[in-house]
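Visitor: Read off the chains here:
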Amino acid sequence: MNKKKYLAVALGLIFCVGLAGCGGDSKSQKPDSAKTSVKKVVETTDVATKGEKKDWKIAVVVKDSSNGWFARMEQGVKQYAGDTGINAYQKGPASTDAAQQVQVIQDVINQGINALCVVPVDPAACDPVLKEARDKGIIVITHEGSSCKNVDYDLEAFNNAGYGAFIMDKLQESMGGKGVYTTMVAHLTNASQNEWANGAVAEQQAKYSGLQLLDNPKRVESENNSEKAYQVAKEVMKSHSEVKGFVGTSSMDTPGIARAINELGLKGKAFVVGTGMPNECRSLIKDGSLSYITLWDPAEAGYAMCVMARQILEGKKITDGADLGLKSYSKLLQSKDNPTLFMGAGWIAINKDNVDNYNF
Amino acid sequence: MNLQKTVKSTEFYVALIILLLCMAIQMKSGQFFTGNNLVDVVRAFSVPAMFCIGEMFVIITGGVDVSFPAIASLSMFFVCSELEEVASNPLFFFLVAMLIGLAVGLLNGVIIARFRFPALIVTLGTSSICFGIMQGVFKSREYPLCEPLKELGEMKLFSATNPVSGLTSNMPVAVILMIVLVFLGWFILNRTMLGRGIYAIGGDVKAAQRSGFNVFGILLFIYAFSGCMAGLIGVLRSTMLLAVHPNNLEGMEMTVIAACVLGGVRMTGGKGSVLGALLGMALLTIVDNSLILLGISTIWQKVFTGAIIIIGTAASAMQTKRNERKLAIKMNEGGK
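Chains as they are written, first to last, in the working numbering: chain A, 1 to 360; chain B, 1001 to 1336.
Just so you know, the hints here were simulated from the structure itself, not pulled from any lab data.
Model, not experiment: these values are computed from the prediction.
Keep in mind that a hint or two might mislead.
Pair by pair, the computed Cβ-Cβ distance ranges are [what the hints assert, rightly or not]:
(1) L1038/B x D353/A: 37 to 43 Å
(2) K1302/B x P128/A: 34 to 40 Å
(3) Q111/A x F1304/B: 55 to 61 Å
(4) F1033/B x N216/A: 49 to 55 Å
(5) H187/A x E1324/B: 37 to 43 Å
Glycine is no exception: its CB is placed at the ideal position from the N, C-alpha and C atoms.
Throw the hints in and build the complete structure from the sequences for me.
Guide: Structure follows, in structure tokens:
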């Protein structure tokens, strides 16, 4: 009996510490808006800043306010606010947590906003609160949330096949237009990464006859683990010495393959291009083991959502080919299956010349 | 150990399967017994093999520990992200990580040994708490590795270059630690009273207690040891990755437990050896790192891996059964 009492006290203590930790977190998210000076992080045209009224209030809610990716997105939102004078701001939970995010969304809805842009942690968990927002007449736009139902529009950075083709363009350039390559995904069951890889292969077959896809294995798995990516890349190059290029799709693939190339002594002979995060890949890019990392710029995505929100608020209808006044979002592509889904061409490639411009 | 006894052991059959598999890979690709490939396999083997030692102790006592990947990840992320500015000596990072691991391991040990809760549930709980703290409090994310650890990671014992293809592989320094840890595991289990106690508890807790073993102390030790080593291995892993990937080790507990069982460590406790666990891990590592050399397409790799695991277990299980039957016959004959 005594033992159980001790245990109950111990568990109670752990619980209290946990609660205290959570409480501290939610408070720390408050003081973050509009203090730093506005930096120009994305290029825009007149279309982006043009409009009739200025007294709109636009809130952007992201997955995690502490994350470097969304810190970059906030720079875009702040630039939009600075460029137009519209009250646009970004909020987010202190950690990637669906329940906390719903709370943040509820808070901003009560702040009398006109438009709400959301990067949902969990689209299904968000849907009820998004419905609440729409019932109040708030325009709702999501990013990376094409499965949300209660939205006016969903804006994606790119279509999957186009992104794959972009990776291939860069790989082709790095390989000097000839050689054998293969593709890597986290899992064969991952929908978007396989669409990227398929897009890359389709681009190569349509445009680059000097390149050739390895016969077996055509596609390998990294299990979203950079150590596994490293091992698999080494194994491929051991058993198929003709392989000179890799398409990496997950952000774990690309640095793993680059480490293998570096260690095998194939720098400058074998190449990898794929999704990657600048901070993580910086040293590999600089030492030449990694040719390009590809991704989309969150600052541009944040800016684009605000432009789209204002256009809708001012009665403009978004159609196929719409222009948001940003380089990557100058000609939106409307999805054939889902009329509320629009895609930009928001990919960027980062190599050793511009990697230091990105800090996430 | 005489020949007849060797032939009857689980270890012998796992070793035999490894040998056959290596021959098959060598015949198919001609790459297996090259210096650089062997270095790659040893490298891939090192981290899971170290986890095997701690896990084996726990399984021999009749428990199971599924918290070590979480402990390793938490300690790794904490020291790499929070102590970056504090120290420049890599030893300091390892020491702090080991202390964190030790603390969580002791928590596991106290709850399991004192209150006799099922080890699986307790370690599942601490695992969840560790991942939770890492994600909630320390906001885990991919993180660049600090300089002192990076330098350590870039160090190598030697390089093996393939004379034909010119491909090079580096042996990481982590391998030294693996050898030390394996020796330590072997020594504790076979040459100390503590080792006897571990087997005794796995055989029968009550009997162990009555024959004078400090059951609480021994159980506390093995969970603390497992946690402490997990902290160390976590940092070691990040030096091998040259980056901090908080979710890199998730899911490794299943591989490690499978390797132990494959190598003849009995889940119900009381039986197992360092050699067996390592052979089990070696088999899994070789399979995992040779599927492309064997030319098996990605779609069929999982099927092949599963088949090897079942064949490996079946061979040794059948042998055990045969031994038991022989023993039964002998006893019957003796009774006449």
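Visitor: State for each hint whether it applies.
Guide: Hints and how they fare:
1. L1038/B x D353/A: 37 to 43 Å: About 39 Å separates the Cβ atoms of L1038/B and D353/A, which means 37 to 43 Å holds.
2. K1302/B x P128/A: 34 to 40 Å: Since K1302/B and P128/A have Cβ atoms about 38 Å apart, the given range 34 to 40 Å holds.
3. Q111/A x F1304/B: 55 to 61 Å: holds, 57 Å
4. F1033/B x N216/A: 49 to 55 Å: About 22 Å separates the Cβ atoms of F1033/B and N216/A, which means 49 to 55 Å is violated.
5. H187/A x E1324/B: 37 to 43 Å: holds, 42 Å
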